[in-house]
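Sequence lines, in order, name chains Y and P.
Here the first sequence is numbered in our numbering, starting from 1096 and rising by one per residue.
Here the second sequence is numbered in our numbering, starting from 1096 and rising by one per residue.
Do not take every clue at face value.
[What the hints assert, rightly or not] Negatives, chain Y to chain P, calculated, CB over 12 Å:
| hint | residue |
| --- | --- |
| 1 | K1114 |
| 2 | G1129 |
| 3 | A1139 |
| 4 | N1207 |
[To be verified] Computed list of lysine-lysine pairs in DSS-like fashion (alpha-carbon distance at most 25 Å, straight line):
| hint | chain 1 | residue 1 | chain 2 | residue 2 |
| --- | --- | --- | --- | --- |
| 5 | P | K1184 | Y | K1124 |
| 6 | P | K1148 | P | K1106 |
| 7 | P | K1136 | P | K1124 |
| 8 | Y | K1124 | P | K1148 |
Just so you know, these hints were derived from the structure itself, not from any lab.
On a predicted model such as this, the values are computed, not experimentally measured, just so you know.
Backbone N, C-alpha and C define an ideal beta-carbon position, used for all residues, glycine too.
If you want the building blocks of each chain, they are given just below.
2 protein chains.
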Amino acid sequence: MIVRDLDDALKSRRHVVSKGWESTRLLLKDDRMGYSFHITKIHAGAELPMHYKNHLECVYCMSGQGSIEDLATGEIHEIRPGVMYALDKNDRHVLRGTTEMMMACVFNPPLNGLEVHDETGAYALEAETV
Amino acid sequence: MIVRDLDDALKSRRHVVSKGWESTRLLLKDDRMGYSFHITKIHAGAELPMHYKNHLECVYCMSGQGSIEDLATGEIHEIRPGVMYALDKNDRHVLRGTTEMMMACVFNPPLNGLEVHDETGAYALEAETV
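The shape of chain Y in the complex, shown without the other chains (with noise of 0.2 Å):
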């Protein structure tokens, strides 16, 4: 059994700052769960053009407000607490924060550890672990 605490996590190499996120990654690829789980802070203000090409993500919102952009279509879903999407087809998508937004993250293949979005949006699949 894993039991990891949110705030010691706050203070090691599971978390990723970045422009406009930041991520604390609780499960990665080396706890052998098949996905890894992160909590995911979204800024005010962020306008986050993503493409996870690599990766079968779902975000849940447990706090704030926003919207994301499926780039396919020009649809605009509201975010708010409770709301859920995946992006089963690997959309390419807009996520807006409104307010700052307090997300859980799966994702499958699970992360390696030290990820940041390369210059299309992507995650690599070999990323450099914590």
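Chain P: place on chain Y using the hints.
Leaving out everything else, chain P in the frame of chain Y:
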């Protein structure tokens, strides 16, 4: 892209109620993400012996207080907002809710839909779909 709202799912067959807990399954096997994702309410005072022999589950506490007992070691870990546990060894455990707790849960392999625990505290691999 799949977008689902907990409020809608609560009124559908995605919402499963059992003794001491209820769970809303926002992602299931037929969503083809490789995992399922659920928002689960543990009732105050619940004491739930479980043994997921067929699944690797992680659980993140969003609100409430309780504990998890690892039946292999006897260790008891406090659960409060920000604590995650992962049953990477299909660990036999008892989950206790001191207060009502809201949890985000991930299962690999994904649940089909209508699983409730069998007499051994497990979910079968091929339960009925929603």
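Cross-check of the supplied hints:
no.: 1; hint: K1114; in the structure: 23 Å, holds
no.: 2; hint: G1129; in the structure: 4 Å, violated
no.: 3; hint: A1139; in the structure: 21 Å, holds
no.: 4; hint: N1207; in the structure: 17 Å, holds
no.: 5; hint: P:K1184 <-> Y:K1124; in the structure: 15 Å, holds
no.: 6; hint: P:K1148 <-> P:K1106; in the structure: 29 Å, violated
no.: 7; hint: P:K1136 <-> P:K1124; in the structure: 21 Å, holds
no.: 8; hint: Y:K1124 <-> P:K1148; in the structure: 21 Å, holds
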